[in-house]
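Here's the letter readout for the chains.
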Amino acid sequence: AQKVTQAQTEISVVEKEDVTLDCVYETRDTTYYLFWYKQPPSGELVFLIRRNSFDEQNEISGRYSWNFQKSTSSFNFTITASQVVDSAVYFCALSEVNDYKLSFGAGTTVTVRA
Amino acid sequence: EAGVAQSPRYKIIEKRQSVAFWCNPISGHATLYWYQQILGQGPKLLIQFQNNGVVDDSQLPKDRFSAERLKGVDSTLKIQPAKLEDSAVYLCASSPGTGGGVTEAFFGQGTRLTVV
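These protein sequence lines map, in sequence, to chains A and B.
For the first sequence, counting from 1, position 66 maps to 66 in our numbering; every step adds exactly one.
If you want our numbering, it's the position in the second sequence, counting the first as 1, plus 1000.
Hints are computed from structural coordinates only; laboratory data are not their basis.
Note that the Cβ used here is the ideal one computed from N, Cα and C, for glycine as well.
Keep in mind that the hints are not guaranteed to be accurate.
Said to hold, decoys possible - Derived lysine-lysine pairs resembling PhoX-like cross-links, with alpha carbons at most 25 Å apart: (1) B:Lys-1044 x B:Lys-1015; (2) A:Lys-70 x A:Lys-16; (3) B:Lys-1083 x A:Lys-38; (4) A:Lys-38 x B:Lys-1044; (5) B:Lys-1071 x B:Lys-1015; (6) A:Lys-3 x B:Lys-1044; (7) B:Lys-1071 x B:Lys-1083; (8) B:Lys-1083 x B:Lys-1044; (9) B:Lys-1078 x B:Lys-1011.
Said to hold, decoys possible - Stretch by stretch, here's where chain B covers chain A in the computed footprint (C-beta under 8 Å, at least three residues): (10) 13-19; (11) 39-45.
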């Protein structure tokens, strides 16, 4: 069963618009970790943010912010005032404390047009 | 701090040929992962090592794929013989922890394999 679902396959915006990426996850563990990774055209997966299951406080880090809601099993990610350099594929991932791997969603391709 | 190193970056082979990929994780990281990423999909775990022991290889096609991690440091992933459907990017990642739950994982740039 798929543990991480990213329903949006592609998003295209104009520079300076905000972009929100949706992520829904499935787990039976009470302790788990959620991640967002960015994959630019160069191919390397770049770590952006991590959240653990017992901390639902939403935060902002620079132009990035996230909305973690356990009640709906969602972990959405927002890029504020998007820039062309934000164009990439973004992956949501889950790690369960009783597992030893990252399970990734299918990814959302973000294109920011100048 | 040096990141995860992988080589080669690109490889083109004919079907039924053999190929090997190499990964050098971040120094001191106990856990090493090999992921396969088919175009348009998220990465899928092939095998996970903790030091030089295998933790999870449930999704590794063992009839053609093999991997080893000698002395708990470098790792190689081999495909023999390759099939067209093996065309993908092979990502290596490492993590410092050994306990349950991944709190951080660092990825290399990957090897893009094309099987023709």
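How the hints compare with the structure:
A hinted pair counts as satisfied when its Cα atoms are at most 25 Å apart, and Lys-1044 (chain B) with Lys-1015 (chain B) qualifies at roughly 22 Å. Distance check on the hinted pair: Lys-70 (chain A) and Lys-16 (chain A) sit about 30 Å apart at the alpha-carbon level, beyond 25 Å; violated. For the proposed pair Lys-1083 (chain B) and Lys-38 (chain A), the alpha carbon gap of about 29 Å is over 25 Å, so the pair is violated. For the suggested pair Lys-38 (chain A) and Lys-1044 (chain B), the alpha carbons sit about 16 Å apart, so the restraint of at most 25 Å is met.
The hinted pair formed by Lys-1071 (chain B) and Lys-1015 (chain B) fails the criterion: a straight-line CA distance of about 31 Å is larger than 25 Å. Straight-line distance between C-alpha atoms of Lys-3 (chain A) and Lys-1044 (chain B) comes to about 12 Å, which keeps the hinted pair within the 25 Å bound. With a C-alpha separation of about 30 Å, the suggested pairing of Lys-1071 (chain B) with Lys-1083 (chain B) is violated against the 25 Å cut-off. A C-alpha spacing of about 18 Å is found between Lys-1083 (chain B) and Lys-1044 (chain B), which places the hinted pair at or below 25 Å, so the restraint holds.
Simply put, Lys-1078 (chain B) and Lys-1011 (chain B) have alpha-carbon atoms about 13 Å apart, close enough for the 25 Å limit, and the pair holds. Counting residues of the region 13-19 of chain A whose beta carbon lies closer than 8 Å to any beta carbon of chain B gives 0, which falls below the threshold of three, so the coverage claim is violated. Under a criterion of three residues with beta carbons nearer than 8 Å to beta carbons of chain B, the stated coverage of the region 39-45 of chain A is upheld, 4 such residues being counted.
The earlier numbered hints that this structure contradicts are 2, 3, 5, 7, 10.
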